[in-house]
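Going line by line, the protein sequences match chains A, B, C and D. According to the numbering used here, the residues represented by the first sequence are 3 to 383, in order. According to the numbering used here, the residues represented by the second sequence are 3 to 383, in order. According to the numbering used here, the residues represented by the third sequence are -9 to 324, in order. According to the numbering used here, the residues represented by the fourth sequence are -9 to 324, in order.
Derived from the structure by calculation, the hints contain no laboratory data. Take these hints with a grain of salt, some might be off.
Facing chain D, from chain B, some residues (calculated, C-beta under 7 Å) [said to hold, decoys possible]:
# : residue
1 : His133
2 : His141
3 : Pro145
4 : Val158
5 : Val292
6 : Trp295
Per the computed footprint, the stretches of chain A lying under chain B, defined by three or more beta-carbons under 8 Å from a beta-carbon of chain B, are [said to hold, decoys possible]:
# : stretch
7 : 24 to 31
8 : 264 to 277
We put the beta carbon where it would ideally sit given N, CA and C, even for glycine.
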Amino acid sequence: MTVMEQRGAYRPSPPPAWQPRTDPAPLLPDERPYRVLGTEAAAKADPELLRRLYTQLVRGRRYNAQATALTKQGRLAVYPSSTGQEACEVAAALALQERDWLFPSYRDTLAVIARGVDPVEALTLLRGDWHTGYDPHAHRVAPLSTPLATQLPHAVGLAHAARLKGDDVVALAMVGDGGTSEGDFHEALNFAAVWQAPVVFLVQNNGFAISVPLAKQTAAPSLAHKAVGYGMPGRLVDGNDAAAVHEVLSDAVRHAREGGGPTLVEAVTYRIEAHTNADDATRYRGDAEVDAWRDHDPILLLERELTDRGLLDEDIVRRAREDAETMAADLRDRMNRDPELDPMDLFDQVYAETTGQLREQRAMLRAELEAAQNDQREGGH
Amino acid sequence: MTVMEQRGAYRPSPPPAWQPRTDPAPLLPDERPYRVLGTEAAAKADPELLRRLYTQLVRGRRYNAQATALTKQGRLAVYPSSTGQEACEVAAALALQERDWLFPSYRDTLAVIARGVDPVEALTLLRGDWHTGYDPHAHRVAPLSTPLATQLPHAVGLAHAARLKGDDVVALAMVGDGGTSEGDFHEALNFAAVWQAPVVFLVQNNGFAISVPLAKQTAAPSLAHKAVGYGMPGRLVDGNDAAAVHEVLSDAVRHAREGGGPTLVEAVTYRIEAHTNADDATRYRGDAEVDAWRDHDPILLLERELTDRGLLDEDIVRRAREDAETMAADLRDRMNRDPELDPMDLFDQVYAETTGQLREQRAMLRAELEAAQNDQREGGH
Amino acid sequence: MTTVAVKPATMAQALTRALRDAMAADPSVHVMGEDVGALGGVFRVTDGLAKEFGETRCTDTPLAEAGILGTAVGMAMYGLRPVVEMQFDAFAYPAFEQLISHVSRMRNRTRGRMPLPITVRVPYGGGIGGVEHHSDSSEAYYMATPGLHVVTPATVADAYGLLRRSIASDDPVVFLEPKRLYWSKDSWNPEHPTDVEPIGRAVVRRTGRSATLITYGPSVPVCLEAAEAGQAEGWDLEVVDLRSLVPFDDETVCASVRRTGRAVVVHESGGFGGPGGEIAARVTERCFHHLEAPVLRVAGFDIPYPPPMLERHHLPGVDRILDAVARLQWEAEG
Amino acid sequence: MTTVAVKPATMAQALTRALRDAMAADPSVHVMGEDVGALGGVFRVTDGLAKEFGETRCTDTPLAEAGILGTAVGMAMYGLRPVVEMQFDAFAYPAFEQLISHVSRMRNRTRGRMPLPITVRVPYGGGIGGVEHHSDSSEAYYMATPGLHVVTPATVADAYGLLRRSIASDDPVVFLEPKRLYWSKDSWNPEHPTDVEPIGRAVVRRTGRSATLITYGPSVPVCLEAAEAGQAEGWDLEVVDLRSLVPFDDETVCASVRRTGRAVVVHESGGFGGPGGEIAARVTERCFHHLEAPVLRVAGFDIPYPPPMLERHHLPGVDRILDAVARLQWEAEG
Ligand SMILES: Cc1ncc(C[n+]2csc(CCOP(=O)(O)OP(=O)(O)O)c2C)c(N)n1
Ligand SMILES: Cc1ncc(C[n+]2csc(CCOP(=O)(O)OP(=O)(O)O)c2C)c(N)n1
Ligand SMILES: [Mg+2]
Ligand SMILES: [Mg+2]
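Put together the whole structure using the sequences plus the hints.
Here's what the structure looks like:
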């Protein structure tokens, strides 16, 4: 059809269907990471909460130290320490209600225990006696996820399901800066926004994915800026400021709970230790950088605030430490006992009903073990 | 370490490492799709270019019609028509230099032929005689990609490799609105931005992924807004305005060529036909919507502009039509001939050197075919 | 088979009915995938479900297979029973990590505390003139993944029964739907659909004494045809339809092979590293002294799936099956 | 083996050397992956390469496996020879679609006009105390994918030679590196590394007359140990190291089995749907009348890979191999 044949007059106009689906402006993060401690906002913070955060941070750091010590004693296969990131770990757990769900990544053991999971059970994966030690339903904590970013769509699906069922449940999912590069991050955020699922994504930007610094991971102004591409708000927060992280996450959780949909939170923090005990961080970063961050330590920041405001006396500090030491001693003791293992467990939960094939294999292993035992008893090889 | 033990005075400060990696403001797309035709910007457009675009649009539409007709005659296995989207298809090809590369998706046959690929060879995949008919290196056109968004990282890798080799080559990759939801979209854009690869991503937002409307695909303000999350500029353009698409793509190609890195372009357009000839669009959309878009037809828009400015005479229109008819007649003729097929081809390019295993299978098939032929000759079953 | 209510139905219709009945029976069953809503799926298997049960029970998702399966995992964690549709076989590959690293392992990972009752419906196989990536047979990948059930129907009645069983299963099931049988018809009464045996039971579709054809899904009708044609050449072929590749019904298969003493495994999937290797190996392990000849395989070639115009050369057909039967060392018998 | 220059090297060192020599010999060879730069990879296989060749030749990528392989495809299209490192076996799964839908098929799709000379290095297998997702054996997936070569070394010399051959190949190669052999040592001279035969040739690692152990990668040393131990029980076992699963060296394997008349396939990967099925089936097809017993398989159980503290029960060990040998129907001989 040429213009000579067209019906009606031609009116240049924008494409008919097009309109922005959301206003981008409110979705964009602040220009700098949001802070509370040492700023005027701190005055509004609940002293009780600050003290609670403090106790938890101290406990968390002690846990990290103890777990790292256990790797040296061969009691853990591996441990990815979150030292320096305790504010994120603790705030993530504390921002949730009991009925909510937490989806941790493999580094987030602290968040898991802050949610009430037994400290030993939280280490099962890393100790190596099984893949998950706790009952996910008991504390509404998904298994620690090793394949990066894969837990994010799970959180979205769970939150969506809860909403469909009419339950007041929010899911909070944790991921690292490196994990944001994975396709699953993208797909999860997109599903969450389209479904307006009650889920909060917490990115702990700790500067590195093992050895790879953030500059090789993304060219975005900030990771929080990714939110606008999904149509959800992005928030940028100082991840070492426990009060700020707690506030931002609590806001996001409330927003989700009220039907406002998902939020992406980037917490800017730093991994003080090596990636895991097996890593050699000297290969890819210098001390100066680490030292700069030591001065911005989450416990220091909070302690200073509490001290300045007269909210911290020696008593609270002592009790926090004692509490942490008790936890550590208990952890050490229990982790020093060999776990009880039954090789037959290998076969029993692969399927709801163990297949004939697996029953055969189970029987074979049992026979082997019995034979070996008999050999031993008889002093044979 | 408690505050009592800390070295130096506590200075509340932002997290040490944090700074925005890029200024987000220039990355954000315009508020409404950029247009040229029917606006003041049209005055600056090169008349020669507009006429060239016009001729190509007419040719493209005729090609779509002919290919669709061929499906009815059983000459194509399937055809995904780009009627209504010709402006994007043609502008994508014309914005590139000869040395550049095009990465089309399965719907982009028009862009492929606009780049010089033989119209019959471009249909090989859809005809079903092989998976790709043309030599990708001859016209620097990658095979039409069926798995959505998977071609995007290819484009990034190729552009990156060319840059490493010091070659002045830009890659332009095409994807649909639906394809933006795939993880590969995310990973490709992220790699491109981190590597500052000379690549342009063209999203044809035609309103649907088969039956799924954009509102179920994303909650983003626009697809172009996704760019900021990667740290690249996002551009929003009226995809039915050939001059606008050409300008925006040319700018992005130039920007990439000059070392400025990747750009994400969202072209807002509409799929006038069903998804493919096998689809039934009445199941998911009404006529009113389609009609509104017919009034915003890319050929109409350009014709009107050319006519208003006295750039289009009957002669040009006639020649464009004749040209299109000649192409269509040739396409019809050649497509009506049965392609010559050799089943032995199945085995010969699985590996550089055909394995013994495949040689055996090849021999078996040959024997079967010979036996069948003998049977036939002898009048056997 | 001649009661009044019984009329011909296609496999696609039986699948639709199975979904519908499952959704009606259990509000926790949710169907999700690309184009499953208003369109009813590209093969129309979900036709009418969104209308009947609403869009939250039958949901058009964004176009991202890992996201579809990944969110289904989360939904299953919260007690739903997601039935995921992958649009075509090759488009399930983006969801591979979710399937292997999570879906197949979550029950085991959590010692049974977090089972994932997810059904992943995958239209598979060729023979429909599909262009590249539309005709894959990927069952070998799923078979090699412990923790998944792998089920595939060959008849209209089984399509209904096995899909109901799969959705009801507390384990993840990869439910492979033979594309080219979608339009196959059989007399079948949707109002009184027959239940089938639990997942994991093969069935003898045709008894015979000369040799056993072991097959499944799209190759079952081909094998039955071959068995008919084989009669002319003096062979009385037994045809076993596996129905589920995991669990594998050694009992039924081996009983048949022990009776006949010869076997050919037939499938469309590539031969090398395909299901036939496992099947031949395990049958041989269990029936070695009953075998008059090695278990042979008739499979797709070890090539990427061919373009439409050449696919007929690739697909196991009657002649190729009978050629294999002829190679079962008959002289050894006499 | 006692010349002065020859000193013990680990498999990891030989792999590093192979990468280095390949990069030095051909500027189109590019190494890319997660942490391959400054860190030298989590197993240090790329140690020193970024320093020697610069970051554009040995590149730390963003953390996204599909993106890594997908961009490698584009780089190969433009004439480079990417060598991609997947950090662990299970972390190759996100790249599955790129591998199956593109890498394996691009040559065939374009009738040879667009070959993809990509090497995908995948550390695989268990035995290193890795937590979940760090010990998978996924070779069955790759074997079932036409268009890929699948190569795996078992010795220090092969690690060097096969990796050089793989990088030089004009086809995509999945190069499986047995994690627990990274630190295995052998006397080997990096300055005069021996070339190995082209990809696709198995090798007899130990000759014997009683039965053949067919194996590859991490199970080769275990089989050699079993063969030693078997002597005490009166068995003289031959050990065949496949070195490449694709192409499969029927000739070497069948020649051995025809000689010995008995065979056991040994691998860590799960048995069901694993490589052993294919191997057993094809050996049986070709050597049926030479077989005194069915070809048996000793493999990992059909379960998700166990946690570190239980993995020793899962991995095929000497006793389990000898138990299988004992079941090879020796009475039938006499
Ligand atoms: C899919 C996947 N790829 C690779 C890995 C290996 N890996 C484990 S941790 C890690 C780095 C993660 O970095 P980030 O997301 O920033 O988290 P962080 O370690 O800093 O907490 C990598 C590459 C993995 N676990 N999963
Ligand atoms: C990975 C993948 N998943 C699913 C499909 C099936 N499929 C083909 S086209 C299509 C819709 C594509 O929508 P869009 O990206 O908007 O492109 P358009 O068809 O509008 O050009 C779908 C789902 C596919 N080709 N690849
Ligand atoms: Mg990090
Ligand atoms: Mg579209």
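| request: Return the status of the interface hint for B/His141: holds when the least beta-carbon distance to chain D is below 7 Å, violated otherwise. | output: Cβ of B/His141 sits 12 Å from chain D, so the hint is violated.
| Given as covered by chain B, does the stretch 264 to 277 of chain A meet the bar of three residues or more with CB within less than 8 Å? | holds (count 3)
| field | Status of the B/Val158 interface restraint (C-beta, 7 Å, chain D) | value | holds, 5 Å
| task | Identify whether the interface hint at B/His133 stands, where standing means a beta carbon of chain D within less than 7 Å of its own. | result | Hint on B/His133: holds, closest Cβ of chain D at ~4 Å, below 7 Å.
| query | Any CB of chain D closer than 7 Å to the CB of B/Val292? | reply | Constraint on B/Val292 not satisfied, violated at 33 Å.
| request: Classify the hint on B/Trp295 as holds or violated, based on whether any CB of chain D lies nearer than 7 Å to its CB. | output: Since chain D brings no Cβ nearer than about 33 Å to B/Trp295, farther than 7 Å, the hint is violated.
| Are three or more residues of the stretch 24 to 31 of chain A within 8 Å, CB to CB, of chain B? | Satisfied; 5 residues make the cut.
| request: Report holds or violated for the interface hint on B/Pro145, using the least CB-CB distance to chain D and a cut-off of 7 Å. | output: Since chain D brings a Cβ to about 6 Å from B/Pro145, closer than 7 Å, the hint holds.
In summary, the structure is inconsistent with hints 2, 5, 6 from the numbered list given earlier, while agreeing with the others.
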